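Novice: Starting from the given sequences, assemble the full structure and let the hints guide the process.
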Amino acid sequence: MRMILVRAFGAMGGAGLLTLAGAAGAVAVSGPAAVAAPVRPVASMAASAGKVTLYAGIDRPTGITVGPDNAMWFTNLNNSIGRITTTGTVTTFTGPGISDPYGMTTGPDGALWFTNIGSNSIGRITTTGAVTTFTGPGISAPLGITRGPDGAMWFTNKGNNSIGRITMAGIVTNFTDPSISGPWGITAGPDGALWFTNNDGGSGNSIGRITTAGTVTSFTDPSISGPDGITVGPDGALWFTDRYGGSSIGRITTAGTVTNFTDPTIAFPVDITTGPDGALWFTNDGSIGRITTTGTVTKFNPQWLDVAGPFGIVDGPDGRLWFTNNASNSIGRMATGGTEKNFNGPIAFSQQASPVGLTAGPAGSVWFVNRQTRSIGQITATGKVEAFPVSGPQRPQNITAGPDGALWFTEDEYRGSGGAIGRMTTAGKVTIFTSPGIDDPDAITKGPDGALWFTNDGNNSIGRISTGGTVTWYTGAAIYQPKGITAGPDGALWFINGKHESIGRITTSGRVTMFTDPKGNIQSPSGITAGPDRALWFTNGGRGADSIGRITTGGAVRTFWLADNGSPSSIAAGSDGALWFADGGVGRITTSGTVTLYPTPAGAPASVITAGPDGAMWFISNNYRNTIGRITTSVTPQITGDSPSSGPVGTSITISGLNLGGASKVAFNGTKARIVSDTATKVVTVVPAGATTGPVTVTTRAGNATTTTSFVVTP
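Note that the working numbering has the sequence shown beginning at 179, numbered continuously upward.
These are computed hints drawn from the structure, not numbers from a lab.
Predicted, not measured: the structure shown is a model, and the values here were computed from it.
Heads up, a few of these hints could be off.
[As the list claims (entries may be wrong)] Below are the BS3-like pairs computed for lysine-lysine, each with C-alpha atoms no more than 27 Å apart in a straight line:
#1 Lys850 <-> Lys860
#2 Lys860 <-> Lys843
#3 Lys661 <-> Lys624
#4 Lys607 <-> Lys624
#5 Lys661 <-> Lys697
[To be verified] Label-pair distances were calculated between CB atoms; the ranges are:
#6 Asn882 <-> Gly654: 50 to 58 Å
#7 Thr440 <-> Ile349: 40 to 48 Å
#8 Ser834 <-> Gly516: 52 to 60 Å
#9 Ser834 <-> Ala734: 35 to 43 Å
All C-beta atoms, glycine included, are put in the ideal place defined by N, C-alpha and C.
Specialist: And the structure:
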């Protein structure tokens with residue numbers, strides 16, 4: 179199905195949280211204006227303790243339209259709205275009123291209007307980024323949206339099989355009819371009515387027409403088998419895509435006469451628009467199609483299009499076709515002759531890239547690996563991103579800051595090549611080194627001897643490369659599919675043995691020692707780092723082994739089990755004297771073994787983590803979401819919500835948040851309450867006698883946290 183309901187990021191509580199609630203007919207709830215930047219945070223957990231920020235660019239774009247400012251505006255399924263100029267400059271807007279946006283079009287008021295699947299609402303965004311959201315009981319999983327001939331916006335409600343209408347003031351009217359079944363695309367017809375596609379996956383597949391007064395007519399035909407996008411053609415008829423079953427392009431006159439066009443090059447078409455050349459242009463599964471009004475089909479297959487990538491399409495103000503690439507996280511531009519260009523968001527990890535590299539580097543930035551686009555990315559603490567292409571034989575895999583002020587990275591084996599080691603200056607100049615001693619390299623780190631050390635998964639060895647490019651490699655029966663590597667506190671290199679369930683140590687002269695544990699406390703280890711206690715800390719991610727391990731330089735092993743069964747994959751020492759790890763969320767463990775778990779926004783699990791130059795921890799948040807995350811190392815308590823938010827004296831209240839463990843006091847508007855229980859993320863308390871309506875405060879040894887809304891004490 180075209181409908182994608184997976185949410186990239188969950189909405190987090192805090193100041194300025196927009197609550198969508200409305201009565202039938204008219205309710206506008208305005209949120210704070212979104213702030214535009216080339217790349218800006220798209221999700222953040224409030225307060226200072228464990229504050230998480232996610233950065234993203236173009237992420238699974240769907241709908242696209244031409245804005246009143248002659249730029250293309252598009253919806254991202256990561257809760258953001260994107261804007262791209264005809265020269266490719268991308269700006270991203272976020273805000274609490276943007277929730278899984280899908281369809282988008284320009285309204286008669288000079289703003290952009292869009293559908294929010296995630297919050298069952300209609301959104302409006304000005305060209306400066308101010309967001310307003312409208313709700314109503316008739317809005318349910320809205321998809322397509324268009325400007326009507328009556329000065330209102332009309333949209334399809336797939337969730338309740340209806341057609342909606344919303345005025346510029348936010349007054350919502352809902353129209354139902356037995357023939358409306360799974361409505362999807364919608365457009366204003368040449369006859370003063372609205373035309374839409376009914377795609378219920380069954381007998382209800384049809385083309386619908388609704389007048390501005392709400393009269394519905396349905397047109398069926400055996401050739402209509404899963405219609406999706408719809409538009410007005412240059413011939414005064416309605417043209418639509420048949421995505422499911424037939425894989426065809428359909429045409430229907432305003433009198434209801436249907437013509438169906440098939441061709442071997444039409445494959446699961448999604449959206450359709452009239453081009454500047456008088457033909458119809460549509461997005462296919464992996465290609466762009468063109469069809470004349472007489473039915474002649476031409477296929478354009480740009481090499482950079484991902485399979486199932488192109489989605490929405492629009493005729494741009496520059497005489498070109500612009501389209502969203504949902505699978506490759508990019509916006510495409512094509513001339514009518516087929517010349518194409520692709521604009522990518524700067525963060526682009528491949529779905530096959532696991533793990534990908536991340537390191538604190540020179541210039542006060544965090545540097546990361548883009549496997550899909552074969553580039554190295556730089557991100558500042560404010561979220562500014564720049565990407566530098568690399569030209570090695572393979573895709574980059576892992577990265578570290580070198581002793582020479584450059585970035586060093588591994589390129590793993592791909593289709594028979596042994597891989598390479600790359601070096602890139604902060605200005606983007608790249609040098610690639612190959613050698614028989616470089617064979618499917620994985621992790622890389624700066625050694626105590628001023629060289630770079632790396633693990634070779636392909637030839638079961640540990641490699642060393644000087645800053646001048648001289649390669650040495652060390653083998654031994656005990657080294658088998660090594661993975662992570664780090665410099666130890668004892669002047670040696672410590673590494674993970676992927677298949678031998680062991681931890682390895684190699685001196686700078688090449689002497690190897692292998693450590694196993696008879697109690698089975700080393701199971702499928704992956705990440706490893708030197709801790710502040712002069713021990714090595716590693717992650718155990720095997721089935722049933724979900725734990726953090728510690729090994730002394732003498733080989734004594736201890737395991738700390740995790741309660742969340744999160745399969746930790748990466749670990750790094752933080753500026754706060756603790757170890758931080760990625761296991762879906764982000765975890766913190768003290769050297770004595772106390773564990774605190776911090777959830778990341780929904781749909782954005784953390785997989786690789788490193789300490790940033792700003793004292794925060796930075797992580798890759800889900801290779802499939804193309805995102806970089808940042809979490810502060812402060813342990814100040816914070817509150818993200820309370821449930822219930824009202825009640826009489828004696829009501830049990832659960833306060834949710836972070837760093838709440840060890841709470842010493844809870845007060846309702848200043849009146850002290852009894853603490854029933856407390857954990858790092860929850861405090862259970864009871865509304866005390868004498869309490870009055872007001873904020874709730876939780877006190878720990880690290881400070882105070884107060885709710886942003888008042889708890890209402892009822893009689």
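Novice: That 50 to 58 Å hint for Asn882 and Gly654 (C-beta), does it hold up?
Specialist: Hint holds: Cβ distance 56 Å, inside 50 to 58 Å.
Novice: Between Lys607 and Lys624, is the straight-line Cα distance small enough, at 27 Å or below?
Specialist: This hinted pair holds, its Cα atoms lying about 20 Å apart.
Novice: Between Thr440 and Ile349, is the Cβ distance one that fits in 40 to 48 Å?
Specialist: Holds - the Cβ-Cβ distance for Thr440 and Ile349, about 43 Å, lies within 40 to 48 Å.
Novice: Holds or violated: Lys850 with Lys860, Cα cutoff 27 Å?
Specialist: At roughly 18 Å apart (the allowed maximum being 27 Å), Lys860 and Lys850 satisfy the hint.
Novice: With the threshold set at 27 Å, check whether the alpha-carbon distance from Lys860 to Lys843 stays at or below it.
Specialist: holds, 13 Å
Novice: Between Ser834 and Ala734, is the Cβ distance one that fits in 35 to 43 Å?
Specialist: The hinted range 35 to 43 Å holds for Ser834 and Ala734, with Cβ atoms some 39 Å apart.
Novice: Cβ-Cβ distance between Ser834 and Gly516: within 52 to 60 Å?
Specialist: With a Cβ separation near 54 Å, Ser834 and Gly516 satisfy 52 to 60 Å, so the hint holds.
Novice: Holds or violated: Lys661 with Lys697, Cα cutoff 27 Å?
Specialist: Roughly 22 Å separates the two Cα atoms, so the pair holds.
Novice: Next pair to validate is Lys661 with Lys624; report whether the Cα-Cα distance is within 27 Å.
Specialist: holds, 15 Å
No hint from the list above goes unmet by this structure.
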